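Protein chains in written order, with my numbering: chain A, 80 to 406; chain B, 25 to 284.
These are computed hints drawn from the structure, not numbers from a lab. The reader is advised that the hints may include incorrect statements.
Here are the simulated DSSO-like pairs of lysine-lysine, each with C-alpha atoms no more than 27 Å apart in a straight line [said to hold, decoys possible]: (1) A/Lys175 - B/Lys32; (2) B/Lys32 - A/Lys188; (3) A/Lys337 - A/Lys351; (4) A/Lys119 - A/Lys349; (5) A/Lys85 - B/Lys278; (6) A/Lys160 - A/Lys179; (7) B/Lys167 - A/Lys233.
None of the values given here were measured: they were computed from a predicted structure.
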Amino acid sequence: MIIEAKHLSKTYVTFEQAHGFSASLKGFFRRKIKKVDALKDLSFSVEEGELIGLIGPNGAGKSTTIKILCGILFPTGGSAKINVGGKAYVPWITRKEYVKNIGVVFGQKSQLWFDLPPLDTYYLNKSLYDIPKKDFERRLEYFIDLLGVSDVVKRPTRQLSLGERMKCELIAALLHGPPLVFLDEPTIGLDIIVKEKIRDFISEVNKKEGVTFILTTHDLQDIDRLCKRVIILDKGSIAYDGELEKLKKNYIKEKNIKIIMETELKSKLKLKGAKIDKQKGKEVELRVPSNRVHEITRRLVNAHELLDITITDPTIEQVISHIYRKK
Amino acid sequence: MVSIGFWKSALGLNIASQMIYRLNFFLNVVVMLMFNLTFPLLTLLIYTNSAGFPDWSSSEILLFQGFAILLWGLEQFLLSNVSWELNRIMRDGQFDRLMVSPAGPLQFLVATNLAIEVIPQVLLGIGIVSFAFFNLGVLPSLKAWLLLILFIALGLLFMVSLIVIQMSLIIRFVQVRRLGELVRILSLFGQYPANIYSKGVQAIVVGAIPFALVAFFPAKVLLGTLGEFPYFAVAAAIAFGVIAYLSWSSSMKKYTSAGG
Chain A
80 MIIEAKHLSK
90 TYVTFEQAHG
100 FSASLKGFFR
110 RKIKKVDALK
120 DLSFSVEEGE
130 LIGLIGPNGA
140 GKSTTIKILC
150 GILFPTGGSA
160 KINVGGKAYV
170 PWITRKEYVK
180 NIGVVFGQKS
190 QLWFDLPPLD
200 TYYLNKSLYD
210 IPKKDFERRL
220 EYFIDLLGVS
230 DVVKRPTRQL
240 SLGERMKCEL
250 IAALLHGPPL
260 VFLDEPTIGL
270 DIIVKEKIRD
280 FISEVNKKEG
290 VTFILTTHDL
300 QDIDRLCKRV
310 IILDKGSIAY
320 DGELEKLKKN
330 YIKEKNIKII
340 METELKSKLK
350 LKGAKIDKQK
360 GKEVELRVPS
370 NRVHEITRRL
380 VNAHELLDIT
390 ITDPTIEQVI
400 SHIYRKK
Chain B
25 MVSIGFWKSA
35 LGLNIASQMI
45 YRLNFFLNVV
55 VMLMFNLTFP
65 LLTLLIYTNS
75 AGFPDWSSSE
85 ILLFQGFAIL
95 LWGLEQFLLS
105 NVSWELNRIM
115 RDGQFDRLMV
125 SPAGPLQFLV
135 ATNLAIEVIP
145 QVLLGIGIVS
155 FAFFNLGVLP
165 SLKAWLLLIL
175 FIALGLLFMV
185 SLIVIQMSLI
195 IRFVQVRRLG
205 ELVRILSLFG
215 QYPANIYSKG
225 VQAIVVGAIP
235 FALVAFFPAK
245 VLLGTLGEFP
255 YFAVAAAIAF
265 GVIAYLSWSS
275 SMKKYTSAGG
């Protein structure tokens, strides 16, 4: 087991700040303290070589969890043991020694030197992590080739696009060969082509090098494409921890049906047993119970002239919103 | 422990990144040199047109000011960019990156924010100290040399501690921009010989906030006029070191990052 987190909790102390000048003036002399429970009794474990998606809405506790597991934050309670490099670490206690064994990418925080080419940062990391020359050159060549950035790494970082920069960030985080990598929203703000390239890269490194990845993201396509297991956080607690496929198949037993009519309906479609999500022009989107798909589509085809019909599994977005609604 | 290779690489990158903006780099060096040359020249001007500083000849005062320029230069080379950078990266949570560096946030912050443009000031300080020393023709004993090294080390420890305490406060309170200026104003007391002040101010400069370790005691020990060993100043510098260590450790535990 590479990560063992038990009953982690984190409470932030913040100050309530009312709106307006008089409130600010009042707040200058007397501030109302507010305690926010960012994590509540969080327990989970991760096996070596897993690629886990940590998802949830804003404020669910994803980043706080990552920051505690990286040693950036002290938890208010609970414990965590990370087994890397043949040793067991408590991240916030032995942070300096521990961080040599992990890689971290923050989607919105760069470790590259702004005015210099990424290659310079890589050489700085070589000395920082004491990477043997042969290993450094082999990994650098491998990652550059995998991401197709041989020219990019020689240009000043400030001249790179967000996608190019993110590819270079990934290389910087992996050059020292960490067995465990935390990716905090690595695809944020990127276009679909770059996202795909980055997903391919993560998948390849996970499979070929056996690197364990913990990934937080708001882009559920990342999860769908990369993760077998997901942990869904909601208000600092675990709402679901298990296989993504099981979640999709078992958590809600519905299918999506999209139909295109021959002619536009004059009134709202009425179909017993189906929930109409959207009806616009000739297109109608509906949800039906998985065990009644056959029966309902037969009724639909009998009653209407259809141009096209598509039946799909629920999207991960639907599953998650269903979980949140249930909670 | 991070290797010397890391510091060498960081120094190289500091130079490379500051040299990109050539005009800015050139102006920084010129302004820094002008400012630091003005300081001893002004003192010499005051010295030659007034009764001077009691118990200090013009060559002796030049030695004193050489030490002041050299040690403040070293402090600025290491730390002048650091608190500004820390103020900047604390607000948006960029400090997180430093927390996951094997060098540790303090060492990483210092190594990657060296003020290269201050190197000429350090060289100027060495030049003035050497010139004044050979001009004076003094022959310090081995004990005096050892004491000089001790005072310089403690002077640097004291100055670094002041900045580390300041940085700890930034981590706790996120924005404390004017604190650095307060320290700079206080440091003005260390830029003149301690014996020119009243007894009360002397007690502060020597015993409580030991700016006298930066230039006053190093100059005195080389000149052979140290007198009593400055126990209070040494104890105060060590106390500042301990306070800095404790406040930094505490701030690391209290660090809350930024949202998101």
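Hints the structure fails to honour: 4, 7
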